[in-house]
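Counted from 1, the sequence shown has number 288 at position 207 by this note's numbering; the numbering is strictly sequential.
Simulated from the structure, these hints should not be mistaken for lab results.
A couple of the hints might just be wrong.
As the list claims (entries may be wrong) - Under the rule of at most 27 Å between Cα atoms (straight-line distance), these lysine-lysine pairs were calculated in the BS3-like manner:
| no. | residue 1 | residue 2 |
| --- | --- | --- |
| 1 | K337 | K358 |
| 2 | K182 | K171 |
| 3 | K181 | K118 |
| 4 | K396 | K324 |
| 5 | K324 | K337 |
| 6 | K98 | K118 |
| 7 | K92 | K118 |
| 8 | K179 | K440 |
| 9 | K633 | K481 |
| 10 | K440 | K396 |
| 11 | K396 | K174 |
| 12 | K358 | K385 |
| 13 | K181 | K385 |
| 14 | K633 | K617 |
| 15 | K324 | K235 |
| 16 | K174 | K459 |
| 17 | K118 | K222 |
| 18 | K324 | K303 |
| 19 | K459 | K617 |
| 20 | K358 | K290 |
| 21 | K440 | K371 |
| 22 | K371 | K174 |
| 23 | K385 | K429 |
What the hints assert, rightly or not - FRET-style restraints, in silico, Cβ to Cβ:
| no. | residue 1 | residue 2 | range |
| --- | --- | --- | --- |
| 24 | D305 | L252 | 23 to 33 Å |
| 25 | V540 | L445 | 35 to 45 Å |
| 26 | E392 | D703 | 33 to 43 Å |
| 27 | D529 | N601 | 23 to 33 Å |
| 28 | A369 | F656 | 35 to 45 Å |
| 29 | L252 | H532 | 30 to 40 Å |
| 30 | D529 | L252 | 22 to 32 Å |
| 31 | D703 | N451 | 33 to 43 Å |
| 32 | S132 | Q452 | 33 to 43 Å |
| 33 | V540 | D305 | 35 to 45 Å |
| 34 | H632 | D693 | 52 to 62 Å |
All residues carry an ideal CB built from backbone N, CA and C; glycine is no exception.
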Amino acid sequence: MELTIEQALQKAVAAHKGGNLNEAEHIYRAILQSQPKNADANHNLGVITVSLDQIEAALPLFQNALDTNPNIEQYWLSYVDALVKAERLKDAKQAIKKAKKKGFDAKKLRKLLTQSKRLTEGDADAHFNLGNTLQGLGRLKEAESSYTQAIALKPDFAEAHNNLGITLRGLGRLKEAESSCNQAIALKPDFAEAHNNLGNTLKGLGRLKEAESSYNQAIALKPDFADAHNNLGITLQGLGRLKEAESSYNQAIALKPNYAEAYKNLGVTLQELGRLKEAESSYNQAIALKPDYAEAYRELTLIKKLDSQDEQFLKMLELHRDEGLSDEELCHVNFGLAKIHEDLEDFKLAFSYYIQGNKLRKNLLDYHINQDLELFEKIKSSYPRLNRYHLEPSDLTRSKTPIFIVGMPRSGTTLVEQIVTSHPLVTGAGELPYVSYLGSAIATGASDMSHNALLNFRVTYLDKLKDYSEGSLWVTDKEPQNFLYLGLLTRAFPEAKFIHVNRRPEATCWGNFKTYFSGNGLGYAWAIDDIVAYYKLYRGLMEFWGNEFSHKVYNLDYELLTDNQESETRRLIDFIGLEWDENCLHPEGNTRSVSTASNLQVRQRVYRGSSDQWRNYEPFLDGAFEDLHRVNHDIDLKR
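Start from the sequences, fold in the hints, and give me the full structure.
Quick look at the structure:
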């Protein structure tokens with residue numbers, strides 16, 4: 082008697098469970114001859130096919146099952162597991178996103194996903210492959226463990242050392258990451274990917290010239306390495322060599338025409354060069370190639386005002402509702418939507434998006450204000466010991482004279498640097514990482530305090546500064562957070578000029594909250610309470626420095642500068658000790674590259690009123706800024 086489809090399926094399942102795979106496969110295929118889209122037959126035949134290690138053949142079977150009935154969790158689990166076995170991790174992650182939209186538990190999917198990787202005892206490759214899977218899923222601590230086990234089993238496993246370096250960099254442990262990348266290169270000197278990853282790590286450490294060298298080595302080994310060309314572009318951009326950066330991005334795109342990230346980075350460079358129409362075109366190309374590219378949308382909102390009818394705005398709203406978006410991607414979307422609604426003067430909705438974006442970013446960074454409280458206390462308590470040491474006149478060979486411009490981020494330091502570097506004798510280096518990188522251990526008492534330590538810090542820093550000087554004697558370093566290290570800097574550079582930019586506290590704090598900072602160094606900046614607490618720490622430290630060396634630091638009031646531009650600018654240039662130059666009154670005409678969040682603002686004429694923009698959000702701040710003026714008393718730093 083001829084069986085119905087349902088009866089045939091029951092018979093196949095019974096054979097399948099009984100281990101008679103040949104009979105089960107035969108019946109499943111017969112069912113599919115009659116009903117090609119039968120979900121159970123497709124899925125179960127896929128399971129058998131996977132067990133026979135025919136992964137690629139199984140994938141369309143699982144896809145057919147899902148096309149017919151996407152509401153069965155096991156279908157998703159089997160499909161994702163097969164994608165991982167086929168090493169199609171990107172497709173697996175997309176499948177997890179789709180399953181999450183259907184209401185399935187993505188965490189369960191990811192857990193089962195990694196459990197599906199069977200580890201053979203003593204198999205270094207298996208641990209390595211599991212590490213790759215975990216890394217791709219963002220589970221970096223577990224990935225670290227897998228790579229470490231792979232290396233323990235096979236110490237000369239260069240690829241595992243390299244991928245461990247990538248993972249450690251993702252965990253913020255850059256010095257360890259550098260060591261892992263170097264180990265990979267020592268084992269395999271022609272390993273272009275390891276040279277590229279070492280460059281990424283050095284870039285993260287702020288050692289841009291060394292990073293440039295690593296990327297060039299990667300490209301020499303592998304000339305068609307599009308990622309290395311792109312990363313070289315990022316580094317050249319950080320070095321202020323924007324024309325060279327533009328060339329590197331274009332080379333990456335020539336090698337890989339669908340390289341959305343390179344188009345986005347090219348857009349940022351063009352934006353810094355003031356070529357906004359070209360930047361907009363690059364962002365749009367990045368989005369065309371990658372329609373869910375959240376970061377490119379956010380960058381676009383910085384240079385283009387969108388309205389409720391714009392296609393990009395509608396797509397961002399769609400992305401905001403996408404439950405499969407990562408927290409980092411959603412953070413970009415929120416900041417972009419906040420900027421759009423700010424431009425539309427819907428400040429209530431803009432504030433809501435700022436709150437959401439900042440909350441996501443803070444969770445990603447795992448920051449607590451106590452981290453900075455401890456840092457500030459260490460700096461204060463260590464200064465009396467540091468103050469015992471000074472450099473002799475013979476130590477003070479002058480190759481370059483630094484001009485340090487410090488203050489809270491978003492306090493106007495970029496404008497001040499543009500004014501100062503409009504003078505023909507001054508070159509701007511932008512925000513350099515070297516004071517913190519070279520000197521934080523000395524300033525906090527974590528390393529040796531001695532005459533030699535002070536001298537070595539000075540010599541090494543000045544050597545780094547030469548790379549940015551373009552032959553000028555005077556060079557600005559406008560890393561705002563160097564205010565932390567004024568004690569160290571005044572001891573190491575008695576000839577330097579120190580300019581502290583002080584802006585209205587509400588404007589400064591709001592500017593921190595509304596700005597997406599791409600680095601991980603400003604952990605406080607993602608919650609209003611943390612920003613206010615950090616601002617108080619900053620003011621307290623500036624008062625401490627004022628009591629120690631008030632005569633060495635020029636206190637520049639941002640609001641006075643914008644209200645009385647000429648008189649305040651003349652006083653500033655006189656403090657530095659330079660002859661007056663009329664160009665200093667026209668910073669908007671300064672053609673140097675600007676890579677900070679103020680790169681658009683400083684290309685406009687100096688204007689008043691920017692310090693009042695925070696008042697648009699005052700109704701929603703619930704009095705968060707009310708006590709700022711209690712700590713904002715004037716610090717006695719002579720002009």
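So if I understand the rule, the pair passes when the alpha-carbon distance is 27 Å or less; does K371 with K174 pass?
Given pair K371, K174 holds - Cα atoms ~16 Å apart, limit 27 Å.
How does the Cβ-Cβ distance of D305 and L252 compare with 23 to 33 Å: does it lie in that range?
holds (30 Å)
Taking the Cβ atom of V540 and the Cβ atom of L445, is their distance within the range 35 to 45 Å?
With Cβ atoms ~38 Å apart, the hint holds.
Do the Cβ positions of L252 and H532 conform to the proposed distance bound of 30 to 40 Å?
holds (37 Å)
Is the Cα-Cα distance between K179 and K440 27 Å or less?
Roughly 25 Å between the alpha carbons, so the hint for K179 and K440 holds.
Is K440 close enough to K371, meaning Cα to Cα at most 27 Å?
holds (26 Å)
With the threshold set at 27 Å, check whether the alpha-carbon distance from K324 to K303 stays at or below it.
holds (23 Å)
K633 paired with K481 [C-alpha distance capped at 27 Å]
Roughly 18 Å between the alpha carbons, so the hint for K633 and K481 holds.
Is it true that the CA of K358 sits at most 27 Å from the CA of K290?
Roughly 30 Å between the alpha carbons, so the hint for K358 and K290 is violated.
Against the 27 Å threshold, does the CA-CA distance of K396 and K174 hold or violate the hint?
Holds. K396 to K174 sits at ~21 Å (cutoff 27 Å).
Satisfaction of hint between K358 and K337, Cα-Cα up to 27 Å
Satisfied, since the Cα-Cα distance of roughly 23 Å is no more than 27 Å.
Between S132 and Q452, does the beta-carbon spacing fit 33 to 43 Å?
violated (51 Å)
Comparing the model with each numbered hint stated earlier shows that hints 4, 13, 15, 16, 17, 20, 28, 31, 32, 34 do not hold.
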